[in-house]
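So the chains spell out like this:
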Amino acid sequence: MIPHLLSASDLDRDTATLVLDTAHGMASAMTGREVRKLPTLRGRTVVNLFFEDSTRTRVSFEAAAKRLSADVVTFSAKGSSVSKGESLKDTALTLQAMGADAVVVRHSASGAPHRLTGWLNGSVINAGDGTHEHPTQALLDAYTIRQRMGRLDGLRVTIVGDVLHSRVARSNVALLTTFGAEVTLVAPPTLLPVGVSAWPVKVSYDLDSVLPHTDVVMMLRVQRERMGDSFFPSAREYSRRYGLDVNRMGHLPSESIVMHPGPMIRGMEIAADVADSERSVIVDQVTNGVLVRMAVLYLMLSGEKGTMV
Amino acid sequence: MADAAHDQVGEVRPDRQILSPSDISRVIDRIAHQILEKTRGATDTVLLGIPTRGVPLATRLAERIATFEGLNIPHGALDVTLYRDDLRIRGARALGPTDVPVTGVDGRRVVLVDDVLYSGRTVRAALNALYDLGRPSQVQLAVLVDRGHRQLPIRADYVGKNIPTAASETVSVLLSEHDGVDAVRLSGGAT
Numbered sequence: 001m002i003p004h005l006l007s008a009s010d011l012d013r014d015t016a017t018l019v020l021d022t023a024h025g026m027a028s029a030m031t032g033r034e035v036r037k038l039p040t041l042r043g044r045t046v047v048n049l050f051f052e053d054s055t056r057t058r059v060s061f062e063a064a065a066k067r068l069s070a071d072v073v074t075f076s077a078k079g080s081s082v083s084k085g086e087s088l089k090d091t092a093l094t095l096q097a098m099g100a101d102a103v104v105v106r107h108s109a110s111g112a113p114h115r116l117t118g119w120l121n122g123s124v125i126n127a128g129d130g131t132h133e134h135p136t137q138a139l140l141d142a143y144t145i146r147q148r149m150g151r152l153d154g155l156r157v158t159i160v161g162d163v164l165h166s167r168v169a170r171s172n173v174a175l176l177t178t179f180g181a182e183v184t185l186v187a188p189p190t191l192l193p194v195g196v197s198a199w200p201v202k203v204s205y206d207l208d209s210v211l212p213h214t215d216v217v218m219m220l221r222v223q224r225e226r227m228g229d230s231f232f233p234s235a236r237e238y239s240r241r242y243g244l245d246v247n248r249m250g251h252l253p254s255e256s257i258v259m260h261p262g263p264m265i266r267g268m269e270i271a272a273d274v275a276d277s278e279r280s281v282i283v284d285q286v287t288n289g290v291l292v293r294m295a296v297l298y299l300m301l302s303g304e305k306g307t308m309v
Numbered sequence: 001m002a003d004a005a006h007d008q009v010g011e012v013r014p015d016r017q018i019l020s021p022s023d024i025s026r027v028i029d030r031i032a033h034q035i036l037e038k039t040r041g042a043t044d045t046v047l048l049g050i051p052t053r054g055v056p057l058a059t060r061l062a063e064r065i066a067t068f069e070g071l072n073i074p075h076g077a078l079d080v081t082l083y084r085d086d087l088r089i090r091g092a093r094a095l096g097p098t099d100v101p102v103t104g105v106d107g108r109r110v111v112l113v114d115d116v117l118y119s120g121r122t123v124r125a126a127l128n129a130l131y132d133l134g135r136p137s138q139v140q141l142a143v144l145v146d147r148g149h150r151q152l153p154i155r156a157d158y159v160g161k162n163i164p165t166a167a168s169e170t171v172s173v174l175l176s177e178h179d180g181v182d183a184v185r186l187s188g189g190a191t
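Those protein sequence lines, which keep their order, are chains A and B.
Going by our numbering, the first residue of the first sequence is number 1, and it counts up by one from there.
Going by our numbering, the first residue of the second sequence is number 1, and it counts up by one from there.
Rather than coming from a laboratory, the hints here were simulated on the basis of the structure.
Even glycine gets a Cβ: it sits at the ideal position worked out from N, Cα and C.
Treat the hints with care, since some could be wrong.
[Claimed, not checked] Some chain A residues well away from chain B (every beta-carbon gap over 10 angstroms; in silico): (1) D12; (2) A29; (3) S80; (4) V246; (5) R248; (6) G250.
[Stated by the list, open to error] Covered stretches of chain A, going by a simulated chain B footprint (3 or more residues, C-beta under 8 angstroms): (7) 17–23; (8) 32–45.
[To be verified] Computed beta-carbon distance windows for the label pairs: (9) V72(A) - S22(B): 51 to 59 angstroms; (10) I154(B) - D21(A): 49 to 57 angstroms; (11) H178(B) - T17(A): 51 to 59 angstroms; (12) I154(B) - D14(A): 49 to 57 angstroms; (13) P164(B) - E34(A): 22 to 30 angstroms; (14) S22(B) - T287(A): 41 to 49 angstroms; (15) V196(A) - V102(B): 47 to 55 angstroms; (16) P21(B) - G118(A): 51 to 59 angstroms; (17) T55(A) - P21(B): 32 to 40 angstroms.
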């Protein structure tokens with residue numbers, strides 16, 4: 001394994017496969033048990049360092065660490081010394097002095113986890129940094145796809161929506177192409193990043209023409225909080241052209257699935273009856289998130305300073 | 001499962017075959033009979049193999065018991081990797097499958113099955129894993145090979161073959177389910 005998990009592109013295909021297989025092992029180890037806890041990381045400390053709002057990722061990491069018997073310290077920027085003006089570096093040095101074995105960090109600035117690696121001895125796990133990456137989300141998405149479809153290699157995955165601001169999209173593009181999937185990005189031109197032509201993906205502005213050739217469709221949330229100015233005329237127009245409703249879902253091949261990293265805005269990028277349909281694996285994604293994060297923590301924290309065989 | 005590797009460097013002595021395929025077959029027959037005898041018919045008994053090679057051994061034992069007594073006893077797999085005491089020293093490793101029969105272990109006699117009994121640490125981990133699953137009425141241990149050098153107060157109830165070894169030697173158990181051939185071999189050690 002690797003000392004830190006900052007980007008999905010840190011993982012080669014063998015390592016990423018090991019993470020997914022380990023997550024599968026965690027699932028089988030956790031089923032039918034009286035004690036829903038494993039002693040593996042007893043005595044290890046995992047710090048959740050959240051400078052940005054999050055429910056599912058923070059809770060998911062916390063649950064994962066606790067199921068492996070690690071001690072969890074949760075630190076959120078609100079109500080901490082950060083609101084008094086403490087810098088990231090000083091926060092990091094404080095954690096270092098407390099002896100954190102792993103720091104799970106979410107920050108609104110891209111690259112913040114990378115900076116932390118220079119100040120901490122423990123492993124740094126990126127839980128989302130600005131518009132850069134969210135590697136464990138990509139891992140849980142890959143796990144969910146593999147669970148449903150049986151493979152990743154050669155699958156056609158379409159990622160729809162606010163690619164510009166989406167760390168989920170960046171991490172997924174990196175990881176899914178590592179696994180040999182064919183990724184297509186669909187978004188209005190204003191919501192695609194500059195330089196997307198250099199990514200190993202196809203790009204389309206027309207959702208209806210892509211859906212019939214899609215095995216997995218991944219809807220992204222429109223990130224209003226990161227938008228300074230307007231990227232499209234109105235929410236209604238966005239929804240009409242890029243939202244997934246029941247009618248559009250009908251154009252998908254019969255076996256294909258619908259994903260969303262959450263939090264979703266029902267009625268905006270995804271219709272409520274699509275999110276609750278048989279094809280939706282959104283709830284599975286949440287369940288699998290805990291398993292994948294258990295796998296990552298196990299692989300990174302076993303052994304001396306997170307080195308793996 | 002500790003000694004499955006058979007890629008030893010520096011062949012000091014040639015590999016010695018300890019058990020042939022027919023020997024292994026007879027040993028499994030005997031252990032199946034011993035389990036039936038000692039448990040008075042193997043009622044309320046569950047066989048749990050420790051991955052990797054304990055799992056096919058448990059399956060074979062269950063098949064023999066079915067042949068001898070017409071009794072289908074539940075059998076499965078119990079991975080102990082997450083309970084090992086050397087994860088900190090030796091690092092993470094890939095997990096094996098865990099597949100506990102739907103009957104569970106509560107109130108049942110559990111026979112743990114492994115290929116090689118050596119330090120006893122794997123069995124220690126298996127006992128802890130087992131007690132997180134539930135509360136068995138009794139736990140027994142069946143191994144194909146006991147090679148000695150125990151580091152914990154653990155002994156097997158059913159032993160296929162006792163092999164006195166030096167710590168520098170390696171016991172390799174090969175089973176057709178995983179290795180395409182049945183054999184127990186001893187390699188390495190001083191001349």
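Notebook entry, point to check: For A29(A), is the shortest beta carbon distance to chain B beyond 10 angstroms?
Noted result: Per Cβ check, A29(A) is inside 10 angstroms of chain B; nearest 5 angstroms; violated.
Notebook entry, point to check: Could one say that the CB atoms of S22(B) and T287(A) fall in the range 41 to 49 angstroms?
Noted result: holds, 48 angstroms
Note to self: For the hint 51 to 59 angstroms, verify it against the beta carbon of P21(B) and that of G118(A).
What the structure shows: holds, 58 angstroms
Margin query: I want to verify a distance hint. Is the separation of the beta carbons of P164(B) and E34(A) within 22 to 30 angstroms?
Written below: violated, 40 angstroms
Check: Between H178(B) and T17(A), does the C-beta distance stay in 51 to 59 angstroms?
Finding: violated, 20 angstroms
Notebook entry, point to check: Measuring from beta carbon to beta carbon, are I154(B) and D14(A) in 49 to 57 angstroms?
Noted result: With Cβ atoms ~36 angstroms apart, the hint is violated.
Next item on the list: Note whether the CB distance of T55(A) and P21(B) lies within 32 to 40 angstroms or breaks it.
Entry: For P21(B) against T55(A), whose Cβ atoms are near 58 angstroms apart, the range 32 to 40 angstroms is violated.
Note to self: If you count the residues of the segment 32–45 of chain A with a beta-carbon closer than 8 angstroms to a beta-carbon of chain B, do you get 3 or more?
What the structure shows: Per the Cβ count (8), the hint holds.
Item checked: Status of the stated non-contact between G250(A) and chain B (beta carbon gap over 10 angstroms) -> Since the minimum Cβ distance to chain B is about 39 angstroms, G250(A) lies beyond 10 angstroms and the statement holds.
Check: Does the segment 17–23 of chain A contain three or more residues whose Cβ lies closer than 8 angstroms to a Cβ of chain B?
Finding: holds (count 3)
Next item on the list: Taking the shortest Cβ-to-Cβ distance between S80(A) and chain B, state whether it exceeds 10 angstroms.
Entry: holds, 31 angstroms
Checklist line | 51 to 59 angstroms as the expected CB spacing between S22(B) and V72(A), which holds or is violated | finding: With a Cβ separation near 55 angstroms, V72(A) and S22(B) satisfy 51 to 59 angstroms, so the hint holds.
This entry does not satisfy hints 2, 10, 11, 12, 13, 17, going by the numbered hints stated previously.
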